[in-house]
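Protein chains: 2
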Amino acid sequence: MIERLNHVAIAVGDLAAAAGIYRDLLGAKVSAPQTLTEHGVRVVFVELDNTKIELITPLSDDSPIASFIEKRGNGIHHLCYEVNSIKESAKELNQQGCRILGDDKVQIGAHGKPVLFLHPAETDGILIELEEA
Amino acid sequence: MIERLNHVAIAVGDLAAAAGIYRDLLGAKVSAPQTLTEHGVRVVFVELDNTKIELITPLSDDSPIASFIEKRGNGIHHLCYEVNSIKESAKELNQQGCRILGDDKVQIGAHGKPVLFLHPAETDGILIELEEA
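Just so you know, the protein sequences line up as chains A and B, in that order.
Using the working numbering, the letters of the first sequence map in sequence onto residues 1 to 133.
Using the working numbering, the letters of the second sequence map in sequence onto residues 1 to 133.
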C-alpha cells in the first residue's frame, strides 16, 4: 500500500524562525511561505533530494495545528505516505477494521490530491496521512 | 548542508507489533529485526521507495530510547539527514554557535557511518541526526 514518504509535517509557532533553521543552519533549499486559506495554515516547504519537510503554522487559534502546538510545543505533526488509490486504501483499511479520521468522504489535501488520515490509535500514536500519488 | 532524508526513527515499546502495523496494515516492505548491541537497540527497517522508517526498541531500561518511551510513549524519536562530510558540518555548526550533543569526537552511528546529533533546543525541539552519506 504505502510506496514513498511524501513529506514530514512539522507544526511550528513561528514559521519564519523555523524556515531560518532549515535555510541558514542546515543549508537546505526552502520555499517562500504559502498561505493555504482553505486548510487554515501557512506553510514553507523544505525541498530535499528525496522528499520534503513541510513547516506548518496555523492561521488562527481554532486550528487543530494551534491545539497541537499549545499542548506539546513545536514538533512533528504527521508523516504522509503516498498510495496508488485513496479509495482502494480506504477499502483495505476498512476491511482490516482500521479507523480513519473524519467521515468516509474522500478529502482533498493541501496538495489538491485525495487524502485520508488514519486514527493515530491504530499506528502507535503517530498521525499518518495517506495521499494519492 | 543537508541533502536527503536518510530515515525517520520511531521509538516503540513492542517492535513486533510496530513492524506488524507497517507490514500488515500499511503493506510496506519490512526487514527482519536486527540487534545492534553496541547501540543498545533492536531495529526493524521499513523500506520505502525513497527513504526508510526505522522502528527502534531499547535492549535495556537504561537506554535513552527507554527513557523516551517512558516519558512520551511510542513516537518519532529523530529525523536523520545526509550530509557530505560530518567534519565539515560540525565545523559549520560550531561557527554558527550551534550546540552538538556529546563531545566533539566524531561518533559512528548505527549504519557504521560518522554521525552527529544537534542539540534539540537548536531545532525546534526536534532531535536531528546528521549522517555522512
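Please note that the accuracy of each hint is not assured.
Since the list gives no way to pick one copy over another, a pair counts as held whenever it fits inside one copy or between any two copies.
Straight-line C-alpha distance at most 25 angstroms; calculated SDA-like pairs for lysine to any residue [what the hints assert, rightly or not]:
1. Lys29 with Asn50
2. Lys29 with Ser85
3. Lys91 with Gly40
4. Lys91 with Leu25
5. Lys113 with Leu25
6. Lys87 with Ala66
7. Lys52 with Pro64
8. Lys91 with Asp49
9. Lys113 with Ser60
10. Lys29 with Ile100
11. Lys52 with Glu131
12. Lys29 with Lys52
13. Lys91 with His111
14. Lys52 with His119
15. Lys105 with Asp14
16. Lys29 with Glu122
17. Lys52 with Arg4
18. Lys113 with Glu70
19. Lys29 with Ser60
20. Lys29 with His78
21. Lys29 with Glu92
22. Lys87 with Gly125
23. Lys113 with Gln34
24. Lys52 with Thr35
The hints are simulated quantities; they were obtained by calculation from the structure and are not laboratory data.
Quick rundown of the hints versus the structure:
no. : hint              : in the structure
1   : Lys29 with Asn50  : both (13 angstroms within a copy, 18 angstroms between copies)
2   : Lys29 with Ser85  : between (30 angstroms within a copy, 18 angstroms between copies)
3   : Lys91 with Gly40  : neither (28 angstroms within a copy, 39 angstroms between copies)
4   : Lys91 with Leu25  : between (43 angstroms within a copy, 12 angstroms between copies)
5   : Lys113 with Leu25 : between (32 angstroms within a copy, 22 angstroms between copies)
6   : Lys87 with Ala66  : neither (30 angstroms within a copy, 38 angstroms between copies)
7   : Lys52 with Pro64  : within (21 angstroms within a copy, 28 angstroms between copies)
8   : Lys91 with Asp49  : between (32 angstroms within a copy, 23 angstroms between copies)
9   : Lys113 with Ser60 : within (24 angstroms within a copy, 43 angstroms between copies)
10  : Lys29 with Ile100 : between (34 angstroms within a copy, 22 angstroms between copies)
11  : Lys52 with Glu131 : both (14 angstroms within a copy, 18 angstroms between copies)
12  : Lys29 with Lys52  : both (10 angstroms within a copy, 21 angstroms between copies)
13  : Lys91 with His111 : within (22 angstroms within a copy, 37 angstroms between copies)
14  : Lys52 with His119 : both (23 angstroms within a copy, 22 angstroms between copies)
15  : Lys105 with Asp14 : neither (33 angstroms within a copy, 33 angstroms between copies)
16  : Lys29 with Glu122 : between (34 angstroms within a copy, 18 angstroms between copies)
17  : Lys52 with Arg4   : both (11 angstroms within a copy, 9 angstroms between copies)
18  : Lys113 with Glu70 : neither (29 angstroms within a copy, 37 angstroms between copies)
19  : Lys29 with Ser60  : neither (27 angstroms within a copy, 39 angstroms between copies)
20  : Lys29 with His78  : both (21 angstroms within a copy, 20 angstroms between copies)
21  : Lys29 with Glu92  : between (37 angstroms within a copy, 17 angstroms between copies)
22  : Lys87 with Gly125 : within (23 angstroms within a copy, 36 angstroms between copies)
23  : Lys113 with Gln34 : within (17 angstroms within a copy, 37 angstroms between copies)
24  : Lys52 with Thr35  : within (17 angstroms within a copy, 30 angstroms between copies)
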